[in-house]
Amino acid sequence: EQLVESGGGLVQPGGSLRLSCSASGFTFSNYWMQWVRQAPGKGLVWVSRINNDGSTTSYADSVQGRFTISRDNAKNTLYLHMNSLGAEDTGVYYCVRDLLVLRTSRNYYYYFGMDVWGQGTTVTVSS
Amino acid sequence: EIVMTQTPLSLPVTPGEPASISCRSSQSLLDSDDGNTYLDWYLQKPGQSPQLLIYLVSYRASGVPDKFNGSGSGTDFTLKISRVEAEDVGVYYCMQRIEFPITFGPGTKVDIK
Chain A
24 EQLVESGGGL VQPGGSLRLS CSASGFTFSN YWMQWVRQAP GKGLVWVSRI NNDGSTTSYA
84 DSVQGRFTIS RDNAKNTLYL HMNSLGAEDT GVYYCVRDLL VLRTSRNYYY YFGMDVWGQG
144 TTVTVSS
Chain B
60 EIVMTQTPLS LPVTPGEPAS ISCRSSQSLL DSDDGNTYLD WYLQKPGQSP QLLIYLVSYR
120 ASGVPDKFNG SGSGTDFTLK ISRVEAEDVG VYYCMQRIEF PITFGPGTKV DIK
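If you read the protein sequences in the order shown, they are chains A and B. Quick note on the working numbering: the first sequence kicks off at 24 and runs consecutively. Quick note on the working numbering: the second sequence kicks off at 60 and runs consecutively.
Looking at chain B on its own, in the form it has when it is part of the complex (with noise of 0.2 Å):
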């Protein structure tokens, strides 16, 4: 299966400071059918259930905030939130869909300093 990595696992910002973080996969996640690359962000906050960020390396789902932005190819891939603000507190998981069985990362915790 592939293995997916996650840096850092902990990652504490000042409110209005950017942050980024950073997913690796153990193989290629390029689709050379379709040209896609099934990579996904999901965030999620406390007590909620997760919600989709970014599908396909740097799509940002309906109603996320352009401050979001992903970013990468191949097996190395990043999440960029521009601004960090109190709401964007939570668990940060990059996922890999190109095949089964669909792998998360550990997880990546964002809160505020």
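The following block holds chain A by itself, in its conformation from the complex (with noise of 0.2 Å):
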């Protein structure tokens, strides 16, 4: 079980970015996931979520309007599209692997923690 964060990197102020992360090893089209990150020296700070199949999302304040969260599950693929950059944004991004949905006649949801975390990928804002 795996998660492989790219598409880190250096951004101008005012630029854009697209984050991707990749799923090996577990169904991924039956799990919900997150991004979280993390700003140089700082705690941990989540920014965005998305249901399993893609239907609903959440963000943070911080993040609402100027990030978008989706995923391609043919690709098995999580997706950050971060618009509208500022310093504020510098820091490593984590990939997360969250809620598990099992569906029969109806889905049945069950929290086993964030268990699955990237190595992150680095963005950095700045001219």
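Just so you know, the hints here were simulated from the structure itself, not pulled from any lab data. Where a beta carbon is used, it is the ideal one built from N, C-alpha and C, also for glycine. There may be inaccurate statements among the hints.
[To be verified] Partial list, computed: chain A residues near chain B (C-beta under 7 Å): (1) Ser39; (2) Trp69; (3) Gly77; (4) Ala83; (5) Gln87; (6) Gly136; (7) Trp140.
[As the list claims (entries may be wrong)] What the simulated footprint calls covered on chain A by chain B, stretch by stretch (three residues with Cβ under 8 Å from a Cβ of chain B suffice, anywhere in the stretch; the number is not a length): (8) 61-68; (9) 141-149.
Once you've looked at the hints, go ahead and assemble the two chains, each given alone in its own frame, into the complex.
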């Protein structure tokens, strides 16, 4: 079970970036997914989440309207599209596995913690 | 949003000695619909990604040794390490997942005296 982020880099203020997270070793389409970030020397901050089929999303107030989370279950990949980037968005972005959803006649939800984290990808916003 | 606080923020520990970290939430983390209390503990070792230690207050994640124990209810929670070893150093975070936005505590830095 592994998550591998990519797409980070140096971007100018006001610029855009798209992060990707490739999942392997588990059934990606059965899990909600999250993005969590960490500014240099600071703590963990939740950014966004998406449900297992991509139909619902949530965002932190600090990124609402600027960031878009999405997923492609056929490609086992999670994305974070980031626009209007500012210095406050600088940090390491982690892709994280979240809630398990098993579907029969209805959805059953199982929470075992945010149990798989990627290695992170670094975003630096600077001129 | 739910505010998470932790004490202490820094915890120097003698190897082999126990350690305890407290976490408090600004509102109850008990979900009355399913009966679960959504409080987790994560450890971020130096230079590494965070890793899950404890979920739903007291359930150890896969591979986590039984020297780590979580307890608590409602708004007050504790992580106890029975015997701290050098490999346990890092920053410990509590986190609530009962509602969005998910929020983390500020972290408790555990190091060896």
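Violations among the numbered hints
As far as the earlier hints go, 1, 3, 5 are violated by this structure, in ascending order.
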